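Undergrad: The residues making up each chain are set out below.
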Amino acid sequence: MDNLTDLPNSDGFFGDYGGKFVPETLMHALKELDETYAKLKNNPKFIEEIDQDLVQFVGRPSPLYFAKRLTDHYSGPQIWLKREDLNHTGAHKINNTVGQILLAKAMGKKRIIAETGAGQHGVATATVAARLGLECHIYMGAADVKRQSLNVYRIKLLGAQVHAVDSGTATLKDALNEAMRDWVTNIEDTYYIIGSVTGPHPYPMIVRDFNAIVGRELRKQSKEQFKQYPHAIVACVGGGSNAMGIFYPFLEESNVALIGVEAAGSGLMSGKHAAPLNDGEPGILHGAKSYLMQDKNGQVVDTHSISAGLDYPGVGPEHSNLKDSGRAKYIAVDDEEVLSSFHLVTKLEGIMPALETAHAFAALEHIAKNYKSNQHLVINVSGRGDKDINTVATMDGISLD
Amino acid sequence: MEYLLTRLDDRILSLNKVKKKALVAYLVAGDPSLDSTLELMHGFVNAGVDILEVGVPFTDPIAEGPIIQAAHDRALKNNTSLSDIFKLVEKFREKDTKTPIILMGYMNTFLANSQALQKAHTSGTDAVLIVDLPGEIDLEELGIKNKNLASISLIAPTTSEERISQICNKSSGFIYYVTLRGVTGSSHLDISEAEENINYIKLQTLLPVFAGFGIKTPDDAFNLSKISDGIVIGSSLVEMIHQQSSKKEFKKIYNYLHEISEAINR
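Quick note, the sequences are listed as chains V and P, same order. In terms of our numbering, the first sequence opens at residue 1 and continues consecutively. In terms of our numbering, the second sequence opens at residue 1001 and continues consecutively.
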């Protein structure tokens, strides 16, 4: 078997998953992107430019923080938090956009497009586009525009245009469809910044690589702060970019358990969820083969999650390969567990996680008991929860008007 | 067995013999209903359509503009499945054994049913056009090839010369040239670029080259027919079908197709 770290292969496959299943018009642009990235990724000047942005603009490295009261609460492992919520714009998403905007610049593209679910990727994209003075269009499902209104306004303040997408289920997958249609139409001058480790090759690889800074920092910080690598790393998985970013530098460390947490929505048994790795079948959506929530006819089914960022029927192809190979484990937690975890972490640690991130915390209820007090477990705090206050209030039956 | 594959080739050859351009017409199966689709297919042929392209509805048709997307949604609301479409083709074949049928759709609906292409073939389908399957990938690699079905590939204005020759080598039936950068039904038709590209493609292959995407008026059709071997018309038909869906008065559509058919052989 190939070394997991060496994937994808040159056709963009992670084992059986990935590839480039797109309309012909896009094939040339993908090749161009692949070649540009191959040329630049080891270029010292390019690396230096990204590193400088990550330090001075994003605020990296993000701290590794010991969550004492959470650790006491569970009486399991020592729980550490990788604080991506402290990044500029409030989530891990900026790691990727800072990198991709430099690819866009290198390719001479003048117009930036992106899809967004929770709005974090939309904000992160509008932010880097504003900084370079590039025209920016963000596609967002109409349902998400409503539940993430704060981020919609942020995106507008940053000078980008928000396009509410009414088609299909009016959520993240439909925003992706519409962004792809824009890209097909404006292929010559437009760069599409995909926000997760999804989509056709080379996106899953590029987005992973730009997020892998998180895992690389953790390698260093864990050695410094607790003298060894973690016994387990836990991250939420929608498309899977924060998880892939923190998992990737540990793929070859077989003693480090990698645990992804999907959105079980109203419960896996209810069918109303967004957990393709737990309850989906391999299929092709948005340019890649991967686990997918679909019916027996190959139609993509509606998803449900309290968290707009995880409300997606697919998942990055690399995660599908990690699942099949057994290198990572994927579990799912439901909306109720997530909400109570959100409150618990907020009260115990003074950290208000995004609802996406709260899925990773909710996993502790299931897995903390498997670890001893001399073991170390790291949770990737992928984003902060300010954007979710309205949703949480509604779920709790409180009116903020 | 070989008969079915040559139905498409036969049609192309016989058009060629009388120096006629091919008219390919697209509609979405199950929009507004499978019964209407069957009626429309026969009606299209009577109005001068040479090849039928039947859209297989998918929840996430990324190459389609708003008109065809909405038709996919309507067909899915009617629960139109691939098996229903095979039955539709079988019924069509009871009255028409000559007109070639191409199923146009997206990879996932075909992948979900490992017998899909086998069943497509036995139902009387002649070719598939899978929009999100790159032309150089063989269906065999995905485990669903059927040697009796032609696989139609798209070539776009952005396709490199290297890929054009790869795609031509793997294609059968005809080459479908996408006349614009955009989704179906857009309006950025650039005739001179299309002419240059089609001429280049024809140097690489003996297969006929049909042009599609963005053809709306008889004049568009006329202009493109001068530089290609045939044209594909889709969104404008789908829109007309939708407008007539409550009354099911399709005569206007047949008149329109007749006009297009005359225009391309003017």
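Since the hints were made in silico from the structure, they are not lab data. What you are looking at is a predicted structure, and each value in this text was computed from that prediction instead of being measured. Please note: incorrect hints may appear among the correct ones.
Straight-line distance between alpha carbons at most 30 Å, and here's what the computed DSSO-like set of lysine-lysine pairs gives [stated by the list, open to error]:
| # | chain 1 | residue 1 | chain 2 | residue 2 |
| --- | --- | --- | --- | --- |
| 1 | P | K1202 | V | K296 |
| 2 | V | K31 | V | K146 |
| 3 | P | K1202 | V | K31 |
| 4 | V | K272 | P | K1091 |
| 5 | V | K41 | V | K223 |
| 6 | P | K1202 | V | K105 |
| 7 | V | K296 | P | K1091 |
| 8 | P | K1077 | V | K31 |
Pulled a few chain P residues facing chain V out of the computed Cβ check, cut under 7 Å [claimed, not checked]:
| # | residue |
| --- | --- |
| 9 | I1062 |
| 10 | Q1069 |
| 11 | N1108 |
| 12 | D1138 |
| 13 | L1154 |
| 14 | V1183 |
| 15 | G1185 |
A virtual CB, placed ideally from N, CA and C, is assigned to each residue, including glycine.
Undergrad: Holds or violated: P/G1185 as interface residue toward chain V, Cβ cutoff 7 Å?
TA: 11 Å, violated
Undergrad: Going straight from one Cα to the other, do V/K31 and V/K146 come out at no more than 30 Å?
TA: Answer violated: V/K31 to V/K146 is near 36 Å, above 30 Å.
Undergrad: Do the alpha carbons of P/K1202 and V/K105 lie within 30 Å of each other, as the hint requires?
TA: 36 Å, violated
Undergrad: Checking one constraint from the list: CA of P/K1202 to CA of V/K296, max 30 Å. Satisfied?
TA: 41 Å, violated
Undergrad: For the restraint on P/V1183, tell me whether the closest CB of chain V is nearer than 7 Å.
TA: 5 Å, holds
Undergrad: Per the CB criterion, is P/L1154 less than 7 Å away from chain V?
TA: P/L1154 check passes; min Cβ-Cβ to chain V is 4 Å, inside 7 Å.
Undergrad: Could you grab the alpha-carbon distance between V/K296 and P/K1091 and see if it respects the 30 Å cut-off?
TA: 24 Å, holds
Undergrad: Let's test the interface hint: is any C-beta of chain V closer than 7 Å to that of P/I1062?
TA: 5 Å, holds
Undergrad: So, P/D1138 near chain V? Judge it on the closest CB pair being under 7 Å.
TA: Constraint on P/D1138 not satisfied, violated at 13 Å.
Undergrad: Given the hint that P/K1202 pairs with V/K31, test it: the Cα-Cα distance must not exceed 30 Å.
TA: 24 Å, holds
Undergrad: If you take the shortest Cβ to Cβ gap from P/Q1069 to chain V, is it below 7 Å?
TA: Since chain V brings a Cβ to about 6 Å from P/Q1069, closer than 7 Å, the hint holds.
Undergrad: Do the alpha carbons of P/K1077 and V/K31 lie within 30 Å of each other, as the hint requires?
TA: 37 Å, violated
Consistency with the previously given hints fails for numbers 1, 2, 4, 6, 8, 12 and 15, ordered from lowest to highest.
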